[in-house]
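Chemist: Input sequences plus hints: build the corresponding full structure.
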Amino acid sequence: MTELLILRRKNQDEKPYWQRFNYDPKSTDDSVASALTALNEQENLRDAEGKPAAPIRWECSCLQKKCGACAMVINNRPRLACGARLSEFKGVVKIEPLRKFPVIADLMVDRSVMFENLKTLRLWFESDAKGKDKAMSVSYEASRCLQCGCCLEVCPNFHIDGKFTGTASAVPMARLLAQLPDSQKKAMTDKYRLHVYEGCGKSLACRNICPADLDIDEILLNSNAIAVWKRFF
Amino acid sequence: MEQIKIIGAGLAGLSAAIHLAKKGIPVTLVSFQPSERAQSVMAEGGINGAMDTMGENDSPAEHAADTMRAGCDLADPKAVENLTDHAPELLEWLLRLGTPLHRKDGRLIQRNFGGQKKKRTAYAQSSTGKVLMTALIDECRKYEASWLIHRLSHHEFVSLSVRDRRCLGVWIRDDHNGVIFFLPGPVIFVSGGLNGFFPGMTTGTTANTGNAAADLFAQGVAFANLEFIQYHPTTVQIPEKRMLISEAARGEGGRLFVERNGSPWYFMEEKYPKLGNLMPRDVVAREMYYVMHDDSTGHQVYLDLCGLSKQTWKEKLTDLREEIRYYLAIDPAKEPVPVSPGIHYFMGGILVDKFHRTNIAGLYAAGECACQYHGANRLGGNSTLGAIFGGKTAAETAAAEMADFQSGETQEKAPVWIESVPRRAKHLRDVLLSGLGILRTETGLKEALEQLENLSAVQDQTESNRRLLAKAMLLSALERRESRGAHTRTDYPDRDDEHFRKTSIVQIQNGAFVHHFAAIGKEMHND
Ligand SMILES: Cc1cc2nc3c(=O)[nH]c(=O)nc-3n(C[C@H](O)[C@H](O)[C@H](O)COP(=O)(O)OP(=O)(O)OC[C@H]3O[C@@H](n4cnc5c(N)ncnc54)[C@H](O)[C@@H]3O)c2cc1C
Ligand code: SF4
Ligand code: SF4
Ligand code: FES
Chain V
23 MTELLILRRK NQDEKPYWQR FNYDPKSTDD SVASALTALN EQENLRDAEG KPAAPIRWEC
83 SCLQKKCGAC AMVINNRPRL ACGARLSEFK GVVKIEPLRK FPVIADLMVD RSVMFENLKT
143 LRLWFESDAK GKDKAMSVSY EASRCLQCGC CLEVCPNFHI DGKFTGTASA VPMARLLAQL
203 PDSQKKAMTD KYRLHVYEGC GKSLACRNIC PADLDIDEIL LNSNAIAVWK RFF
Chain W
442 MEQIKIIGAG LAGLSAAIHL AKKGIPVTLV SFQPSERAQS VMAEGGINGA MDTMGENDSP
502 AEHAADTMRA GCDLADPKAV ENLTDHAPEL LEWLLRLGTP LHRKDGRLIQ RNFGGQKKKR
562 TAYAQSSTGK VLMTALIDEC RKYEASWLIH RLSHHEFVSL SVRDRRCLGV WIRDDHNGVI
622 FFLPGPVIFV SGGLNGFFPG MTTGTTANTG NAAADLFAQG VAFANLEFIQ YHPTTVQIPE
682 KRMLISEAAR GEGGRLFVER NGSPWYFMEE KYPKLGNLMP RDVVAREMYY VMHDDSTGHQ
742 VYLDLCGLSK QTWKEKLTDL REEIRYYLAI DPAKEPVPVS PGIHYFMGGI LVDKFHRTNI
802 AGLYAAGECA CQYHGANRLG GNSTLGAIFG GKTAAETAAA EMADFQSGET QEKAPVWIES
862 VPRRAKHLRD VLLSGLGILR TETGLKEALE QLENLSAVQD QTESNRRLLA KAMLLSALER
922 RESRGAHTRT DYPDRDDEHF RKTSIVQIQN GAFVHHFAAI GKEMHND
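For the record, the sequence lines run as chains V and W. With the working numbering applied, the first sequence corresponds to residues 23 to 255, in that order. With the working numbering applied, the second sequence corresponds to residues 442 to 968, in that order.
Check each hint, because a few of them may be wrong.
[Said to hold, decoys possible] Some chain W residues close to chain V (C-beta under 8 Å, calculated; not the full set):
1. Glu-533
2. Leu-538
3. Lys-545
4. Asp-546
5. Gly-547
6. Ala-565
7. Ser-568
8. Asp-579
9. Glu-580
10. Glu-585
11. Thr-646
12. Lys-682
13. Met-684
14. Arg-908
[As the list claims (entries may be wrong)] Here are the simulated lysine-lysine pairs, DSSO-like style, with alpha carbons at most 27 Å apart:
15. Lys-755(W) x Lys-154(V)
16. Lys-560(W) x Lys-152(V)
17. Lys-583(W) x Lys-152(V)
18. Lys-545(W) x Lys-252(V)
19. Lys-154(V) x Lys-583(W)
20. Lys-185(V) x Lys-583(W)
21. Lys-867(W) x Lys-154(V)
22. Lys-755(W) x Lys-156(V)
23. Lys-583(W) x Lys-141(V)
24. Lys-867(W) x Lys-48(V)
25. Lys-73(V) x Lys-583(W)
26. Lys-463(W) x Lys-154(V)
27. Lys-464(W) x Lys-152(V)
28. Lys-207(V) x Lys-755(W)
29. Lys-751(W) x Lys-156(V)
30. Lys-560(W) x Lys-154(V)
31. Lys-583(W) x Lys-156(V)
32. Lys-208(V) x Lys-583(W)
33. Lys-560(W) x Lys-545(W)
34. Lys-463(W) x Lys-213(V)
35. Lys-141(V) x Lys-464(W)
36. Lys-152(V) x Lys-545(W)
37. Lys-463(W) x Lys-208(V)
38. Lys-545(W) x Lys-156(V)
39. Lys-141(V) x Lys-48(V)
40. Lys-152(V) x Lys-755(W)
Hint data in this document are derived by calculation from the structure and do not stem from the laboratory. C-beta atoms are modelled at their ideal positions from N, C-alpha and C, and glycine is treated no differently.
Modeler: Rendered as structure tokens:
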């Protein structure tokens, strides 16, 4: 039997509170996502004390670590619920919503600031991408960002209303920088310096957090070389 | 003039939105979740297009022929030709958007895929859908910034407003605050496959609940070929779902075997010497079913990837290897992987003509929710292509017909939205599965229909819509008294072109269920 301690909240206006649930894993591969799914399938959901409980709101889609929907804080670490096996944990599993974003309800947060930031940074090609072979591996890696927000959660310098837009924008930008048409070079490298390079304290708290296993150091080194040291492909 | 509304922001929705915005036509792009969460990001093995980059003399005509053959001649040949003719320029466009499809020495590299005679599947490791989506999301953002595309993420489709077979617009609900409101205008429907009818049993996302399609069906939108559900040969059970092992694994040399008399029997290679493990998916899934149920075998089928070179793993399948290691604790380079068929794709869906019009004026559909291009069995790599091309075609048609759109006051009150009950979805799934397995029979289908009738009554519009669409699937499978592609009837084992080389159409007319077969490509004129 696994004990889950979940931070509940009906909506933004109501106060959060902790609620305890018991879950009996069906297999050693069961994840936090399996537990949340199973709890919500119960006819009359009850907490560990036997009190009736409302279904737990959370977001998911692929259940395979491919879409970033289910990011949440599990035992104080931002993780994907579908990539967090219960068998990894000893004792109570503490589950909270990501803390950097406004809560909608329970474990569901509003991450729209991430998408707005990508717009502010004007992350798109104005004309054809260069498409050189050697840009492909960075482009590929950077394309894999899930926009889950785990890296922002741990970053001491990221705040939703701040100028620094964090790794979650630096990674998608790396895809563009690697294949950037000449006409966009100045504008985009300026944006990179202003919103990414200058704000990052290089504390590397975001290292080893990315659930897509992106090599953030490598990707940022590459972008620095391009945007700060002007070494375009 | 009312703006065009797009429901769904996967490959088909993004493509429709971008192609309209490119013409300067403003659109509203509605999706339940942001594009990064759409099933399209999960596509693995690749996207087809006869670019002929591998020196094999490939052509769009051969791509069309392979598509028609794999689909057992049930697709509309004109629509298919349109698709394959335009595939190369679509891939060129994707490359211009910076999609990192695998290339070497400036040349796009294409791989072998099931059911195709030439190497025409472009890819990025086995994360092709993800890189395609990233490129289209970036392109879409360009138009969002100039307000040509107005995104409404976290908005759920609730109901279509139809009067006199004309679409007036859609009711949608903001999932963050629960507010329901009406958006008038023509609608392009791109809400993905019916995975939500089979929770836990598909490789896709059950966030595509199928509720939207069920609402359309209940309101008289015609659906086609619902009996054709693709079981992908190589899937594995993981918690809460089936996980796909991409066909790319076989494209790069993977082999299927089952144990017999103490040694591996590579049954596909023995039975189909030419295409072997790369026969179309329906054939492989069926053969697997037979050997799994054969008493002279060990029952468990394995995918043997031990012969793949180090370079192949590194350049083409790194992500797949990682995934198998994580989920199965097996290193596929060293040990064979136990696999079995699982539900993967819905060939059937909303009936559309080759311009992606439905039977309701002002309503268009594309991508996996629509029935187009794939006939009785879809080729791997054709659905990402079909979604992008279909979205574009639907956009062009909607743009051309925009001036004809007659807005009308919807006199309806805002529909009531009811929180879905996950348990009910599983009950319905079990009923459907009892009739719609890999092998089907009249008795099995009739029993499933009976079980459906006997489900306890509910006061829930969404659930009753879902039951109607579920009934439509079972009825379609019952009425097709032949075996073709993904639809195998053990009581009618042969293909019967005379009676059934036709589109199977089901719809609700004046409150009654109507099923009929119509000539391929001429379906709209019959209803
Ligand atoms: C594991 C896997 C691997 C695959 N690999 C390949 C491959 O290699 N090659 C290939 O060609 N095909 C592949 N496919 C198939 C292909 O990925 C899909 O068919 C295709 O991406 C579907 O695109 P779509 O735009 O139609 O739908 P989706 O990408 O499913 O998008 C549907 C959209 O509709 C929205 N939506 C759904 N319901 C509602 C609602 N009620 N209200 C509001 N919005 C709603 C969703 O949020 C989403 O934005 C694969 C599929 C899977 C599952
Ligand atoms: S290195 Fe530190 S400051 Fe920079 S993005 Fe990572 S966590 Fe934030
Ligand atoms: S960089 Fe990694 S952690 Fe950050 S948003 Fe992208 S996938 Fe998530
Ligand atoms: S549900 Fe997609 S990453 Fe967890």
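Chemist: Would you mind marking each hint as holding or not holding in the structure?
Modeler: Each hint tested on the structure:
1. Glu-533: violated (10 Å)
2. Leu-538: Status holds, d = 6 Å.
3. Lys-545: For Lys-545(W), the interface hint holds, since the closest Cβ of chain V sits about 7 Å away, which is under 8 Å.
4. Asp-546: holds (7 Å)
5. Gly-547: Because about 6 Å separates Gly-547(W) from the closest Cβ in chain V, which is inside the 8 Å limit, the hint holds.
6. Ala-565: holds (6 Å)
7. Ser-568: holds (6 Å)
8. Asp-579: The hint holds - Asp-579(W) has a Cβ within 8 Å of chain V, the shortest such distance being about 5 Å.
9. Glu-580: holds (6 Å)
10. Glu-585: holds (6 Å)
11. Thr-646: holds (5 Å)
12. Lys-682: With a closest approach of 5 Å, the Lys-682(W) hint holds.
13. Met-684: Holds: closest Cβ of chain V sits about 6 Å from Met-684(W), inside 8 Å.
14. Arg-908: Since the shortest Cβ distance to chain V is 19 Å, the answer is violated.
15. Lys-755(W) x Lys-154(V): Since the Cα atoms of Lys-755(W) and Lys-154(V) sit roughly 20 Å apart, the hinted pair holds (cutoff 27 Å).
16. Lys-560(W) x Lys-152(V): Holds: Lys-560(W) and Lys-152(V) sit about 25 Å apart, inside 27 Å.
17. Lys-583(W) x Lys-152(V): Judged against 27 Å, a Cα distance of about 18 Å means the pair holds.
18. Lys-545(W) x Lys-252(V): holds (25 Å)
19. Lys-154(V) x Lys-583(W): holds (22 Å)
20. Lys-185(V) x Lys-583(W): holds (21 Å)
21. Lys-867(W) x Lys-154(V): violated (49 Å)
22. Lys-755(W) x Lys-156(V): holds (16 Å)
23. Lys-583(W) x Lys-141(V): holds (8 Å)
24. Lys-867(W) x Lys-48(V): OK: Lys-867(W) and Lys-48(V) at ~17 Å, within 27 Å.
25. Lys-73(V) x Lys-583(W): Not OK: Lys-73(V) and Lys-583(W) at ~50 Å, beyond 27 Å, violated.
26. Lys-463(W) x Lys-154(V): Between Lys-463(W) and Lys-154(V) the Cα gap is close to 26 Å, so the pair holds against 27 Å.
27. Lys-464(W) x Lys-152(V): holds (24 Å)
28. Lys-207(V) x Lys-755(W): violated (32 Å)
29. Lys-751(W) x Lys-156(V): holds (21 Å)
30. Lys-560(W) x Lys-154(V): holds (22 Å)
31. Lys-583(W) x Lys-156(V): Holds, because 25 Å separates the two Cα atoms, which is no more than 27 Å.
32. Lys-208(V) x Lys-583(W): Measuring from Cα to Cα gives roughly 18 Å; hence the hint holds.
33. Lys-560(W) x Lys-545(W): holds (15 Å)
34. Lys-463(W) x Lys-213(V): Distance ~25 Å between Lys-463(W) and Lys-213(V) Cα, so the pair holds.
35. Lys-141(V) x Lys-464(W): holds (21 Å)
36. Lys-152(V) x Lys-545(W): holds (15 Å)
37. Lys-463(W) x Lys-208(V): holds (25 Å)
38. Lys-545(W) x Lys-156(V): Within the cut-off at roughly 9 Å; holds.
39. Lys-141(V) x Lys-48(V): violated (43 Å)
40. Lys-152(V) x Lys-755(W): holds (25 Å)
Hints 1, 14, 21, 25, 28, 39, counting from the list given before, are not met by this structure.
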